[in-house]
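**Student:** Sequence:
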Amino acid sequence: MHCKSEQSPCEQSLDTSVIRRQSTYNLKKVTRLVSHSLSCGEL
1 MHCKSEQSPC EQSLDTSVIR RQSTYNLKKV TRLVSHSLSC GEL
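Numbering (the UniProt record's numbering), first residue to last: 1 to 43.
Be careful, since some hints might not be right.
[Said to hold, decoys possible] FRET-style restraints, in silico, Cβ to Cβ:
(1) 33 x 13: 29 to 35 Å
(2) 13 x 41: 42 to 48 Å
(3) 20 x 40: 28 to 34 Å
(4) 40 x 13: 36 to 42 Å
(5) 18 x 38: 27 to 33 Å
(6) 15 x 36: 30 to 36 Å
(7) 41 x 15: 38 to 44 Å
(8) 38 x 15: 30 to 36 Å
These are computed hints drawn from the structure, not numbers from a lab.
Note that the structure is a prediction, hence the values are computed from the model and not measured.
The C-beta atom is built at its ideal place from N, Cα and C for all residues, glycine as well.
Start from the sequences and build out the full structure, keeping to the hints where you can.
**Tutor:** In structure tokens, the structure reads:
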């Protein structure tokens with residue numbers, strides 16, 4: 001049980017970093033899409 005409780009924080013931080021990286025990637029994608037639409041006058 002001690003092993004699991006010690007592992008948990010590490011897994012959580014890993015998940016958080018992965019999620020943060022993905023959301024940052026998605027944000028960049030959306031920003032690029034919006035700026036492209038703005039330059040094309042679609043928005």
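**Student:** Compare the structure with each hint and give your call.
**Tutor:** Structure-based check of all given hints:
1. 33 x 13: 29 to 35 Å: Taking Cβ atoms as reference, residue 33 and residue 13 lie about 30 Å apart, which means the hint holds.
2. 13 x 41: 42 to 48 Å: 44 Å, holds
3. 20 x 40: 28 to 34 Å: 30 Å, holds
4. 40 x 13: 36 to 42 Å: 41 Å, holds
5. 18 x 38: 27 to 33 Å: With Cβ atoms ~30 Å apart, the hint holds.
6. 15 x 36: 30 to 36 Å: 31 Å, holds
7. 41 x 15: 38 to 44 Å: Since residue 41 and residue 15 have Cβ atoms about 40 Å apart, the given range 38 to 44 Å holds.
8. 38 x 15: 30 to 36 Å: Because 34 Å falls inside the window, the suggested range holds.
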